[in-house]
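Trainee: So the protein lines, in turn, are chains A and B. Just remember that my numbering sits 382 ahead of the position in the first sequence, which is counted from 1. Just remember that my numbering sits 178 ahead of the position in the second sequence, which is counted from 1.
What the hints contain is simulated information worked out from the structure, not anything from laboratory work. The beta carbon of each residue, even a glycine, is placed where N, CA and C say it ideally should be. Keep in mind that the hints are not guaranteed to be accurate.
What the hints assert, rightly or not - Simulated restraints on C-beta separations: (1) B:SER258 / A:GLN399: 45 to 55 Å; (2) A:ARG397 / B:SER192: 37 to 47 Å; (3) A:GLN399 / B:PRO291: 43 to 53 Å; (4) A:THR435 / B:ALA179: 18 to 28 Å; (5) B:SER248 / A:PRO390: 39 to 49 Å; (6) B:SER262 / A:GLN423: 27 to 37 Å.
To be verified - Just so you have them, the derived chain A footprint on chain B, three or more residues with Cβ under 8 Å: (7) 218-232; (8) 281-288.
To be verified - As a list, the in silico DSSO-like pairs of lysine-lysine whose alpha-carbon atoms are at most 27 Å apart: (9) B:LYS227 / B:LYS247; (10) A:LYS439 / B:LYS227; (11) A:LYS395 / A:LYS439; (12) B:LYS246 / B:LYS236; (13) A:LYS383 / B:LYS227; (14) B:LYS227 / B:LYS246; (15) B:LYS247 / B:LYS236; (16) A:LYS383 / B:LYS236.
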Amino acid sequence: KAGVTQTPRYLIKTRGQQVTLSCSPISGHRSVSWYQQTPGQGLQFLFEYFSETQRNKGNFPGRFSGRQFSNSRSEMNVSTLELGDSALYLCASSTEAYEQYFGPGTRLTVT
Amino acid sequence: AQSVTQLGSHVSVSEGALVLLRCNYSSSVPPYLFWYVQYPNQGLQLLLKYTTGATLVKGINGFEAEFKKSETSFHLTKPSAHMSDAAEYFCAVSDGSASKIIFGSGTRLSIRP
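Chain A with its partners taken away, still in its complex shape (with noise of 0.2 Å):
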């Protein structure tokens, strides 16, 4: 079974862009969470989705948005783009609430 994909990899913004990340789960998961980790803050939860509905959010701007589509693929997108904001943006599904399944992730770089 394919794991969790996440794409870009890498990407490089200039400060006040917008960008969009992608997440594909492994079928069958309906959950997908995404966290942001920094060398300073850690892993810090953004938000999670199920079945296409924002269930849970983390205590983040509202710059930081993301949706679920029905075949349970996800995006994140910050707008607006701080150098703050340059970090690795990682995505889990799960199919149970305490288990999840964590893609390579995307490193963003705001410049």
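With chain A held as given, fit chain B onto it using these hints.
Mentor: Coordinates of chain B only, in the frame set by chain A:
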């Protein structure tokens, strides 16, 4: 509310030596506990998990962890370190019903030849 504390941001051991990575948690409900490993430029891989039942949990790559409720701990051990174990390790806690998992700050494990 739940939280996780990993003691030691960096641990270095010799190849063949015992690996011990410490994790303490706080939870107002019976916790679900996890250890993940992250290799450079990769995502997180689940090493092992505790949900209910046996408190000694065995995972992949020879790692195991023991849930000690009285000590609110879930330390990760491996009897004999291998060079390939060098990575970042994260302890995490969940209440089992929420979809978000709270991660610790991570421990970087280095292996000396």
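Trainee: Take the hints in turn and mark each one as holding or not.
Mentor: Hint check:
no.: 1; hint: B:SER258 / A:GLN399: 45 to 55 Å; in the structure: 49 Å, holds
no.: 2; hint: A:ARG397 / B:SER192: 37 to 47 Å; in the structure: 45 Å, holds
no.: 3; hint: A:GLN399 / B:PRO291: 43 to 53 Å; in the structure: 45 Å, holds
no.: 4; hint: A:THR435 / B:ALA179: 18 to 28 Å; in the structure: 24 Å, holds
no.: 5; hint: B:SER248 / A:PRO390: 39 to 49 Å; in the structure: 47 Å, holds
no.: 6; hint: B:SER262 / A:GLN423: 27 to 37 Å; in the structure: 28 Å, holds
no.: 7; hint: 218-232; in the structure: holds (count 8)
no.: 8; hint: 281-288; in the structure: holds (count 4)
no.: 9; hint: B:LYS227 / B:LYS247; in the structure: 15 Å, holds
no.: 10; hint: A:LYS439 / B:LYS227; in the structure: 24 Å, holds
no.: 11; hint: A:LYS395 / A:LYS439; in the structure: 25 Å, holds
no.: 12; hint: B:LYS246 / B:LYS236; in the structure: 15 Å, holds
no.: 13; hint: A:LYS383 / B:LYS227; in the structure: 21 Å, holds
no.: 14; hint: B:LYS227 / B:LYS246; in the structure: 14 Å, holds
no.: 15; hint: B:LYS247 / B:LYS236; in the structure: 17 Å, holds
no.: 16; hint: A:LYS383 / B:LYS236; in the structure: 23 Å, holds
The structure agrees with every numbered hint stated previously.
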